[in-house]
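**Q** Keeping their order, the protein sequence lines are chains A and B. The opening residue of the first sequence carries number 1 in the working numbering; numbering runs sequentially from there. The opening residue of the second sequence carries number 205 in the working numbering; numbering runs sequentially from there.
Hints in this document: simulated from the structure, not taken from any laboratory. Only a predicted model underlies this, so the values are computations on that prediction, with no experimental measurement involved. The reader is advised that the hints may include incorrect statements.
What the hints assert, rightly or not - One side of the interface only, derived from the structure: several residues of chain B facing chain A at Cβ under 7 Å: (1) VAL287; (2) ALA297; (3) ALA338; (4) VAL406.
Claimed, not checked - Computed list of chain B residues with no C-beta within reach of chain A, every gap over 12 Å: (5) ALA235; (6) VAL305; (7) ARG350; (8) ILE389.
The C-beta atom is built at its ideal place from N, Cα and C for all residues, glycine as well.
In case you want the letters, here they are:
There are 2 protein chains.
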Amino acid sequence: MVTQEVEYKPLSVREILKEMKDLSSLMIDLAYSAFLYNHKKLAEEVMRLEERVDYLGYLLGIQAALAARDREDAEQVSGILKVATAVDKISDAAADIANLVLLNISIHPSIHSAFKKTEEILGRVKVREESVLAGKTLEDLMLETRMGVDIIAIRREKIWILNPGKKVKLRSGDILIARGSVESIELLDKLSSGKVKELPEVTK
Amino acid sequence: MVTQEVEYKPLSVREILKEMKDLSSLMIDLAYSAFLYNHKKLAEEVMRLEERVDYLGYLLGIQAALAARDREDAEQVSGILKVATAVDKISDAAADIANLVLLNISIHPSIHSAFKKTEEILGRVKVREESVLAGKTLEDLMLETRMGVDIIAIRREKIWILNPGKKVKLRSGDILIARGSVESIELLDKLSSGKVKELPEVTK
Chain A
1 MVTQEVEYKP
11 LSVREILKEM
21 KDLSSLMIDL
31 AYSAFLYNHK
41 KLAEEVMRLE
51 ERVDYLGYLL
61 GIQAALAARD
71 REDAEQVSGI
81 LKVATAVDKI
91 SDAAADIANL
101 VLLNISIHPS
111 IHSAFKKTEE
121 ILGRVKVREE
131 SVLAGKTLED
141 LMLETRMGVD
151 IIAIRREKIW
161 ILNPGKKVKL
171 RSGDILIARG
181 SVESIELLDK
191 LSSGKVKELP
201 EVTK
Chain B
205 MVTQEVEYKP
215 LSVREILKEM
225 KDLSSLMIDL
235 AYSAFLYNHK
245 KLAEEVMRLE
255 ERVDYLGYLL
265 GIQAALAARD
275 REDAEQVSGI
285 LKVATAVDKI
295 SDAAADIANL
305 VLLNISIHPS
315 IHSAFKKTEE
325 ILGRVKVREE
335 SVLAGKTLED
345 LMLETRMGVD
355 IIAIRREKIW
365 ILNPGKKVKL
375 RSGDILIARG
385 SVESIELLDK
395 LSSGKVKELP
405 EVTK
């Protein structure tokens, strides 16, 4: 999980690699969803993630160079830098897909609607001050049990929290990236904007 | 899910895009795991997946070109082809990472061992004729419940079955890509090679 601290404490090579991988996987998911549903806001999140991946690539370069003391080290450093280059290529490719959406090049509506009925989608919602979600932890909210929604990432201004743990408390202004059916994402949108004030009952 | 039929019936643009996306996500996961654990067989699977993604990109080009009847169609086709190019870039990048492993450029053992203790890993095992797994469906086996192992893909010669459903019956010769703890993947390896003949009890 990426938490606020990441901005202030140095990350190990291992942590950087893991975060780059997780972010690039998330970017691909988001970029695809943005393209399939012509979802501009989602496409913009991909662009934001690309900045983060670029920054991590830069950090990795510094860490890796500092770590190289001898010839054997240097070979490993070179391997790590090649991985960083590959991840950068992945995040560029995801940004290319997102950019199509921002350029208004989207997919044929027939393909779009074929997706819409059957599959889980990714959504992006913003938690408003008046939302019932604000100030509650994911544990309190039990969104998965209540409405089949999985929060896969939270963006808090420039910080990304990936696969947030149940202790994470949602704040006004948080951007939630969630996976669920079309209906459940629509409900999440209403809950986060404050249009709907009551969470569905816990069934099961 | 990708089933055997995919080789024989034409895929829609939508199906091709979805499969390309799923395969490229899988490639990234596998490539990272291969790099972190210096796992050559896993790296080779990435190379095989790249061939499949290339083939799908070729199919997509044909389908998309056939679909273009007028100017508006053509714009959408061009969008789809750009997505295909991006996915191809992603799969190339994953192959770049896998190739480092095949070139014996791996990661520092200290990073490797830091991963090994705490996290889930991806493993690759082959089902032998004498294995208790051969001839059973995933539903029969309940590997997730029994030992915390999730089969995320099966390769049957050249066919990939992604996120296999519970009705899928394992066959001798199947390559399983599985996610789990180091211990559970080691057990899966013994079960699939036939060294261990009994599945662990269902607990819970």
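**Q** Now tell me, hint by hint, if it's right for this structure.
**A** Against the structure, the hints:
1. VAL287: holds, 5 Å
2. ALA297: Since the shortest Cβ distance to chain A is 4 Å, the answer is holds.
3. ALA338: Hint on B:ALA338: violated, closest Cβ of chain A at ~32 Å, above 7 Å.
4. VAL406: Violated - the Cβ of B:VAL406 stays beyond 7 Å from chain A, reaching only about 21 Å at its closest.
5. ALA235: With a cut-off of 12 Å, B:ALA235 comes too close to chain A, as the shortest Cβ separation is near 8 Å.
6. VAL305: Incorrect as stated: the minimum Cβ-Cβ distance to chain A is 9 Å, not above 12 Å.
7. ARG350: holds, 23 Å
8. ILE389: It holds; B:ILE389 is separated from chain A by about 18 Å at its closest Cβ, greater than 12 Å.
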